[in-house]
Amino acid sequence: MSKDFSIVGKSVIREDGFEKITGRAKFADDYKFDGMLFSVMLRVPATHAKINSVDFSAIQNNPSVASIITSQDIPGAKKIGMIKNDQPVFCDEKIVTPGDVLAMIVGEDETELRKLLTKIKVDYTSLPTLTDPKKSLDPDALLIHPEFGSNLIVHHPLRKGNVEKGFAESDEILERVYTTQTIEHAYIEPEAVIAIPLEDGALKVIGSIQNPFTVRRIVASVLNLPNEKVQVVQAQLGGSFGGKDDTMCMLSARAAVAALKLNRSVKIRYTRDESILESYKRHPYILKYKVGFSKIGKINAMKIDLLADGGAYCSMSPFVTWRSVVQATGPYEIENVQTDVRAVYTNNPYTGAMRGFGSPQPIFAQETLMDEIALHIGVTPDEIRRRNGLKLGSVTATGQTLKEHDVNLIPVLNKAVSFTNFAEKWKENKKNQTGLKEYSFDQPIFKDEQFISSEKLIKKGIGLAVSFRGCSLGAEGLDQSSCYISVQPDGKVVMLSGLAENGQGLRMTLLMAAAEELGVTADKIIFLENDTSKIEDSGPTVASRGTIMGAAAAKNAAELLRKQLEKVAREVSKLDETDFISFRENLVFSRKKGMIAKFDDVIKAAFENKVELSAIGRYKSPDVSWDEHTGQGDAYFTYVYGCQVAEVSVNTGTGEVYLNKITAVHDPGTVINRLGAIGQVYGGVTQGAGYGILEEVTNEDGMIRELNFDQYLIPTAKDIDEIKPLFLEGNEKYGAWGAKSLGEPTLELGAAAIANAVCNALGKRFYNLPLNLEEVLLGRKLRPQDLKRGSL
Amino acid sequence: MEIKFVLNGKEVAADISPSIRLLDLLREKFELTGTKEGCGVGECGACTVLMNGKAVNSCLVLAAQVNNSEILTIEGITNGEELHPLQKNFLLNGAVQCGFCSPGMVLSSYALLEENPNPTDEEIKDAIAGNLCRCTGYKQIIDAVKQTAKELKVEVKV
Amino acid sequence: MIDIMCEVLTPKNLAEALLLLSSADSTTKILAGGTDVVVGKTQGSKRFADAETLIDINRIEELKGISEKNGMISIGAAATFSEICKSKLVEEKLPLLKKASNTIGSLQIRNRATIAGNFVNNAPCADTVPALLVYDASIEIKSQTATRNVSLQEFLQGPYKTLLQQGELVTRILIPVPQQNYAGDFYKLGRRRAVAISRLTLAVVIQLKEKKIGDIRIASGAVTPIGTRFPKLEEFAIGQKMTDNLCQELAKKMGEEVLAVTGLRWSSAYKLPVVQQMFYQLLKGLER
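First to last, the sequence lines map onto chains V, E and U.
Sequential numbering from 0 applies to the first sequence in numbering that gives the first Met the number 0.
Sequential numbering from 0 applies to the second sequence in numbering that gives the first Met the number 0.
Sequential numbering from 0 applies to the third sequence in numbering that gives the first Met the number 0.
Here chain V stands alone, though its shape is the one from the complex (with noise of 0.2 Å):
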């Protein structure tokens, strides 16, 4: 493989940039059309409750009020989802959870639409709530959805080789309960749409969604409309890391059909409040493990019980679980597995795709488990890994022989380690440990021997956590992406991918891969408008598979471009069929020749000869399989590894934790962007720390607590000390050159290491996600017992 890229690997402005940085980039809330309405949402402040009834009349008649909508304006489908079809649109017989939306008023002036609300009087009977996941298999539970008879989401259950065997032949055995909190994307933008009615009953839709293609299947549905006339259009997207998907499916739908009702433009936008009311979060779960090992730290056999809340809607909880199960164990030979996952409907905030998608819970569980087994056989956390790590060759818990990728998890934990003189430091702050006191919540007044003298109040910590992580959907889904390159007649270059610009950089590491094989600069590409009307569908923006999958196309269409193109310049220069063609930097060379041509002329003498100056390029995966009852089969195609390992100071006073450095190893394959690589690494490993130390949505029987920045803290520009990426690049064969995923994986380690390096600083363990000063300083969460902003 060649490693001589005249563009790929360097660090490149990306083509977006000048647009958001002068503020002329438009996000979907920027977006404004004559006659346009807005559209207001009717909840009720309950958590589960029956809709007797719903009177508007003291709003029916007010000049402010151009309509009223309830599900009897829907055309088609009243439910919706990704996965299972159970969310209502509107709901006008009962809600299930308080982001719940009863009906919309649709007028000019936002502010007065938002007043009216309060006078439409909702007639409803409050029902008991289910909002504990651990109650939702029992059997007398209520049921969130009756018709499925029953709460159960999804199961997903994985059997390899003999977990009593393995139990029996193990020296020790260790079983622990983890839970990990329901976080929130945190996305800057708060959701917005404006669906644009277009002549001929069909429409287009603008907005700030993550999957253009998931919108326009569901906004079709809804319409009852062929696909071709719903077309969608992605504005630029202010962050979304999983979460502008089905809340923007669903707020798509609602303007949608209000615009199609009114025959006028319909915008919605969300408050933050609103935003993170309704919008899906990270699921919360509760692990347990049993693992059996031998004397020398040799895992014989791992029992895995995992439970996710998907809270009142399935979402993408059958797949966010299923990554679970392939994972569960960590990248781990363990030759006896029985991991069960299920995900439960309960009350609460519903809960989908976040990055990391099912990985950061099991890791946090796993990775400090691992911590555990280290100290119990006396050797450092490094080398329990290496004993167990997965290695060329090694056959994982669903059965796969990892073969024909780099298995770099020894190399990137090798690495880190050096790097961070990771051992010694280990040692030398256990040496150190003093532990933390004991409080009595009954006689708070303290003892002579409660104080903490000064020079003992910070302690300092190193931990560790490492993952092995499927790239793309596997065995989730169909898994292929396409892109169309064309190029006009004065030499510019045009292209279009299905997959969408989330803000990450996608674009331009596709940008990039094109330029790569097509020998010119980035600056000669133009990225078109993401568009569903314009380019095949190629499956979601998701699972980190953009640029696995989206840079391979690049380079397919680029290739098959080049060829059309190399065929021209071989005729036009005479060159004989021995001669070798390269392009590279705007310029076409011919080994025997040198220099021959400008890129310009080349594809002008093309347009000249009618030569074809577009190509569609296309990606599919490699097989992959899955045996859904044992949970056996290869579930990727292939797996990227990381490392991150965590510097912290804790004030064993207040138990505040410093993040004073984290170095973060990860094994992309090829970088593309180097610029957009490094962006990846700090903020999947800020987004991990803040689920590590910081951010939680608690909710009081249902009700959210942290509905705005004020009380859901994420974190800030002082929150983490040091960040440092270092890459391990390697000779994958999948992908474009050998290029595969980063964004998930670089924040799915942080909690884990975060808390192995706490443990380290004070000899105590910690079971409970996320670290934050209670749970350090106690060993547990203390709730307000209200809903009141800064209470006391």
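Honestly, I wouldn't trust all of these hints.
Said to hold, decoys possible - Listed next, the in silico BS3-like pairs over lysine-lysine satisfying Cα-Cα at most 27 Å (straight line): (1) V/289 <-> V/134; (2) V/723 <-> V/390; (3) E/9 <-> U/231; (4) V/609 <-> V/566; (5) U/251 <-> V/455; (6) V/597 <-> V/566; (7) V/436 <-> U/252; (8) U/210 <-> U/283; (9) V/25 <-> V/414; (10) U/231 <-> U/252; (11) V/436 <-> U/251; (12) E/53 <-> V/9; (13) V/732 <-> V/619; (14) V/436 <-> V/763; (15) V/25 <-> E/53; (16) U/28 <-> E/53; (17) E/87 <-> V/717; (18) E/53 <-> U/63; (19) V/723 <-> E/9; (20) U/92 <-> U/11; (21) E/9 <-> V/523; (22) V/133 <-> V/289.
By construction, these hints were calculated from the structure, which means they are not laboratory data.
Model, not experiment: these values are computed from the prediction.
Let chain V serve as the given structure and place chains E and U on it in line with the hints.
For chains E and U alone, kept in the frame of chain V given last:
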């Protein structure tokens, strides 16, 4: 009510309700949509503009309070098609991902450098701590501000 | 578009403001930084539900400025935290106030939020209150007909309750210049390292003469329903030798007092140990 103020160097007037927010005044009346709303409660900084040279959350300022003041938005930072050094360095350092926080981030950084041409890392972090970013982890933003400070200092010397 | 639907009056000077206030009822509120009023209105907070008229005091020169005269430092009620943080006078003579002001919100907030705005609603987590209390701050209150001075401690009556009457405006904060030989420190604990509501604030000034406590003033915020001084603790400490034992003793006593005020509530399991531990740490930092 009729208000007059200087917007990006030009005197402007508007006849508006006194109790709309500066944020809406900019976005809706003047169609300057570079200023973004992320939270509406002064916590995220996406709506940061400069008011009389100081960074403020435009969601917390009422239109009436803008009367006779000077407002600078992201649209006023760019000189035609020419980027301000801060903007250029944001791009060079990869400090822009989704771009939603970027205008506010640039304005906070601009205010900092106007007041303190030689900021330490800690001072940069303090200046942008009120601008939440979910994409970048802030590091490349801090680098961009540092690089700009360095460049501007060299220019002054010349 | 959000319109909080209020009339906004912009008096040019203090006399105008007081005149407007003299005829105002409870539907009139003072608007300064807007960090409380505008947010409260936007979010539909009950505290501002009846507000119809806002008097913007930002442009009143008499309410600005930080100066020293006759042993008193006078801070305009509408001085912003940024102005306070930048003041050389505050830095030299009121370092705790500078430190406290620096921890408030973000720079954008500090550029707008005013010192009087921090305490005039008497929210439990007002960060400058403990610092002002240990500096023995008093406030000047004016109405169209009268001027009165009250100590801040007296002014702060209960959660969201103060001595401010209808028609009155807080105009200045007055702080006696601390004597040279006072040391002190301010401590804030938040859930995040910036832009965080305080979980606990502590302020102490102390005068040590040969290791003996000549004078001490202690205050806390966010652990009791309103920011408060601890006179009993102060009395107990004065005259004693500053030893490790005394620091522990004082910390325990603070725990007892906080417990007596709040009783055991959801946050006590965390806050009671932390207030004792961190008060102890704060005192230890002052032991020299």
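Going through the hints against the structure:
no.	hint	in the structure
1	V/289 <-> V/134	holds, 22 Å
2	V/723 <-> V/390	holds, 25 Å
3	E/9 <-> U/231	violated, 60 Å
4	V/609 <-> V/566	holds, 13 Å
5	U/251 <-> V/455	holds, 20 Å
6	V/597 <-> V/566	holds, 15 Å
7	V/436 <-> U/252	holds, 19 Å
8	U/210 <-> U/283	holds, 12 Å
9	V/25 <-> V/414	violated, 42 Å
10	U/231 <-> U/252	holds, 9 Å
11	V/436 <-> U/251	holds, 15 Å
12	E/53 <-> V/9	violated, 37 Å
13	V/732 <-> V/619	holds, 14 Å
14	V/436 <-> V/763	holds, 11 Å
15	V/25 <-> E/53	holds, 26 Å
16	U/28 <-> E/53	holds, 25 Å
17	E/87 <-> V/717	holds, 24 Å
18	E/53 <-> U/63	holds, 16 Å
19	V/723 <-> E/9	violated, 44 Å
20	U/92 <-> U/11	violated, 31 Å
21	E/9 <-> V/523	violated, 37 Å
22	V/133 <-> V/289	holds, 19 Å
Hint violations for this structure: numbers 3, 9, 12, 19, 20, 21, all remaining hints satisfied.
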